[in-house]
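Residue numbers (my numbering), protein chains in the order written: chain A, 1 to 358; chain B, 1001 to 1158; chain C, 2001 to 2170.
None of these hints come from the bench; they were simulated from the model.
Even glycine gets a Cβ: it sits at the ideal position worked out from N, Cα and C.
Some hints could be false.
What the hints assert, rightly or not - Below 30 Å or equal to it, Euclidean Cα-Cα: the simulated DSSO-like pairs (lysine-lysine) are:
no., chain 1, residue 1, chain 2, residue 2
1, B, K1088, B, K1004
2, B, K1096, B, K1152
3, B, K1032, B, K1098
4, B, K1032, A, K70
5, B, K1141, B, K1084
6, C, K2112, A, K155
7, A, K335, B, K1015
8, C, K2027, A, K95
9, C, K2027, C, K2112
10, A, K335, C, K2167
11, A, K95, A, K155
12, B, K1098, B, K1084
13, A, K206, B, K1096
14, A, K70, A, K155
15, C, K2086, A, K95
16, B, K1004, C, K2166
17, A, K206, B, K1097
18, C, K2166, A, K335
19, B, K1088, B, K1152
20, C, K2027, A, K155
21, A, K206, A, K335
22, B, K1088, A, K335
23, C, K2027, B, K1012
24, B, K1148, B, K1097
25, A, K206, B, K1098
26, A, K95, A, K81
27, A, K335, B, K1012
28, B, K1004, C, K2027
What the hints assert, rightly or not - Now the in silico label distances, taken between C-beta atoms and shown as ranges:
no., chain 1, residue 1, chain 2, residue 2, range
29, A, N200, C, K2027, 55 to 61 Å
30, C, A2164, A, P322, 40 to 46 Å
31, C, Q2133, B, V1014, 23 to 29 Å
32, B, K1015, A, G196, 35 to 41 Å
33, A, P21, C, T2132, 44 to 50 Å
34, B, K1088, A, P322, 39 to 45 Å
35, C, T2132, A, D91, 55 to 61 Å
36, B, I1010, A, A36, 50 to 56 Å
37, A, N200, B, M1001, 41 to 47 Å
38, C, G2141, B, K1015, 47 to 53 Å
39, C, K2027, B, L1142, 22 to 28 Å
40, A, E239, B, Y1011, 53 to 59 Å
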Amino acid sequence: MLSFHSITDSIDSWLNHTFSPTVALLLECTIVAIAAIALFATLGLVLVLMERKVAAFMQIRMGPNRVGPKGMFQSLADTIKLVMKEGLTPDGADKFLFNLAPFIVMIVAMLLLAPIGFASGFQIWDINIGVLYISAISSISVIGILMAGWASNNKYSLLGAMRSGAQIVSYELSAGLSILSIVVLSGSLQLSDIVGAQSNGWWIFKGHIPVIISFVIFIIAVTAETNRAPFDLAEAESELTAGFHTEYSGMKFALIFLAEYINIFIVCAIGATLFFGGWMPLHIGNWQSFNHIMDYIPSSLWFFGKTFFLIFVIMWFRWTFPRLRIDQLLQLEWKYLLPISMVNLLLVTVMAIMGWYF
Amino acid sequence: MFLKDYITDIYKGVKSLLIGMRRTGYYFTHHKEIITQQYPDNREELNLPTRFRGEVILLHDENNEHACTGCTACELACPNGTIKIITKFDVSPEGKKKKALDTFIYHLELCTMCNLCVVACPTDAIVMAQNFEHSVYDRSKLTKKLNKPGSKIREGIE
Amino acid sequence: MSASAIIFYLIAAFILTMGILSVTSRKIFRSAIWLLFSLVGIAAFYFWMDLTFIAAVQIIIYVGGIVVLIIFSIFLTQKAGEQMPKPLRSRTLFSLLAVFFGFALTFLLIYKNTFPEISSHPFQLNVSDIGTQMLSTTEHGYVLPFEVVSMLLLAALIGCIVIAIKKESK
């Protein structure tokens, strides 16, 4: 059966057979980099189009439908437009930091891709602290935003950056705590171990109520961390024009925009890995025949299906809920999410010790 | 009782959020609710709602007769001077002079489609039409003369 | 020179350059950014040594926490965007001297110390080992520092609440 695992294995053995190990390693790094960039480009195109279509259908509209069949090439046309545009740098800006910020944002998004398992045995870097690595790297992303906001020399950008900073720093706590509850249940930080622990059922089913609570908290917290509505105070269009990327145009804007969508993909992929079993097919107890049928669906399809379902849920939030005020936002985190997730973590720990899960 | 309030707060919040999500989810799955029209493609069978207003027209019947008495009520009702009525004096066969419409000038470029002139008209001579393709290359073409050449007032309208 | 050594020297050069830039830059926000890069470089060092756990913690605490705090306080100060005046010559001299003596001290310590050779990779620890070590009461257990630090953080937390709380107006 053709799978990602066998493809990577055969490429690896062929390269090691033909070249010396060092050259083979370098070539593999290049292949991985090219694959990652290709994935980013496709994801950017698909997610932007998906966002616009979902938004349109939820607002009883048609969405883009002119460029290509059913408007499928709309995001491609937008990208070409952005590439052709001039990248302006404002006069009073700190030019070096202004030009550096989009790359920082992009590099952080790229680094986050490393520990995600896309299919069975298909992972760039199975680091043994996977979950911790993700929360560490994602805490750098705020730096890119602060840098962009500061260097633009624009009051809207600065306000957006400040809001985004306060928001990301506070929502990281509850996101981290809800991730911890899964770490407690699986007993490992490594993403492949966490996926492996779900071979007889996903955590959201096995861990019942406490895990469902932590999943809800996780999805709220990551919506806030990726600066999406209803938590999009950092780029609130009606208040701050565009927040921290007001002054960006052309390719630099495209990079920031792309990184935002990549971040959404990554947090949803992590959510799918932790709560929905990553690439694990849906298995129900002792229904042997049902489980066998589910095994026939390729693992990569399972992974992408779950991830895109979560992305859809986050888009659903965006087109349903109104934006919060900054005090409401901080109140939600410090008075509701954080206490609940702390108590929930205790519950999960008790559950894990007593073995009260399936 | 603090804890009870806290939990009811959370319950109510989650419930109201779910109600909102159910509405958008309903629209997402029911594509026939879509009200957007594919305008240049469906120009022939364009389905405009009855309340849509595109321009003011003066109704003429098959005898090229209209119902405007030239009373200038519409001109007075218009908030931004869109309508200008020029009157003349018709001489009836008995030799009596009677005020009548000479030219109904309508500045489409000033009109806000507020419908006040139609409401003000005592004889229901003018109505709002639904044509909206008004773009022209010259602004002066938007100043229109609404009564057709050779038209006259219908019999029996005072 | 092996590839590993080349990477070591590259990271070291990166950390030193960024450190020097952060001290000499005359724009305070840029200094903070250079400091950030230097700290990221140290995390890269830990990654190079396969100490992934410490590397991640380094990034979370220093990059995600402390530098963000520094940047926030820079945002809240006035005239943060302007160039700072050139430092006095006497101050430059004394700081150079301090740097020199500090360097001499550390160099001497490293030179005198003999590092034991470790051939295998002893650092491949899993999380449960780290957790057990953190709370163990045996010889190399960390339960005392752990508890002391938690008490300190709790005190800081309560102090923050006391400062930030609104007084009921009578």
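Right, here's what the structure says about each hint:
no.	hint	verdict
1	K1088/B to K1004/B	violated (81 Å)
2	K1096/B to K1152/B	holds (17 Å)
3	K1032/B to K1098/B	violated (57 Å)
4	K1032/B to K70/A	holds (16 Å)
5	K1141/B to K1084/B	holds (16 Å)
6	K2112/C to K155/A	violated (54 Å)
7	K335/A to K1015/B	holds (19 Å)
8	K2027/C to K95/A	holds (13 Å)
9	K2027/C to K2112/C	violated (39 Å)
10	K335/A to K2167/C	holds (19 Å)
11	K95/A to K155/A	holds (16 Å)
12	K1098/B to K1084/B	holds (19 Å)
13	K206/A to K1096/B	violated (99 Å)
14	K70/A to K155/A	violated (40 Å)
15	K2086/C to K95/A	holds (22 Å)
16	K1004/B to K2166/C	holds (24 Å)
17	K206/A to K1097/B	violated (96 Å)
18	K2166/C to K335/A	holds (16 Å)
19	K1088/B to K1152/B	holds (12 Å)
20	K2027/C to K155/A	holds (19 Å)
21	K206/A to K335/A	holds (28 Å)
22	K1088/B to K335/A	violated (78 Å)
23	K2027/C to K1012/B	violated (50 Å)
24	K1148/B to K1097/B	holds (23 Å)
25	K206/A to K1098/B	violated (93 Å)
26	K95/A to K81/A	holds (24 Å)
27	K335/A to K1012/B	holds (16 Å)
28	K1004/B to K2027/C	violated (53 Å)
29	N200/A to K2027/C: 55 to 61 Å	holds (57 Å)
30	A2164/C to P322/A: 40 to 46 Å	violated (28 Å)
31	Q2133/C to V1014/B: 23 to 29 Å	violated (40 Å)
32	K1015/B to G196/A: 35 to 41 Å	holds (37 Å)
33	P21/A to T2132/C: 44 to 50 Å	violated (37 Å)
34	K1088/B to P322/A: 39 to 45 Å	violated (59 Å)
35	T2132/C to D91/A: 55 to 61 Å	holds (58 Å)
36	I1010/B to A36/A: 50 to 56 Å	violated (40 Å)
37	N200/A to M1001/B: 41 to 47 Å	holds (43 Å)
38	G2141/C to K1015/B: 47 to 53 Å	holds (48 Å)
39	K2027/C to L1142/B: 22 to 28 Å	violated (57 Å)
40	E239/A to Y1011/B: 53 to 59 Å	violated (31 Å)
Checked against the numbered hints listed earlier, the structure breaks hints 1, 3, 6, 9, 13, 14, 17, 22, 23, 25, 28, 30, 31, 33, 34, 36, 39, 40; every other hint is satisfied.
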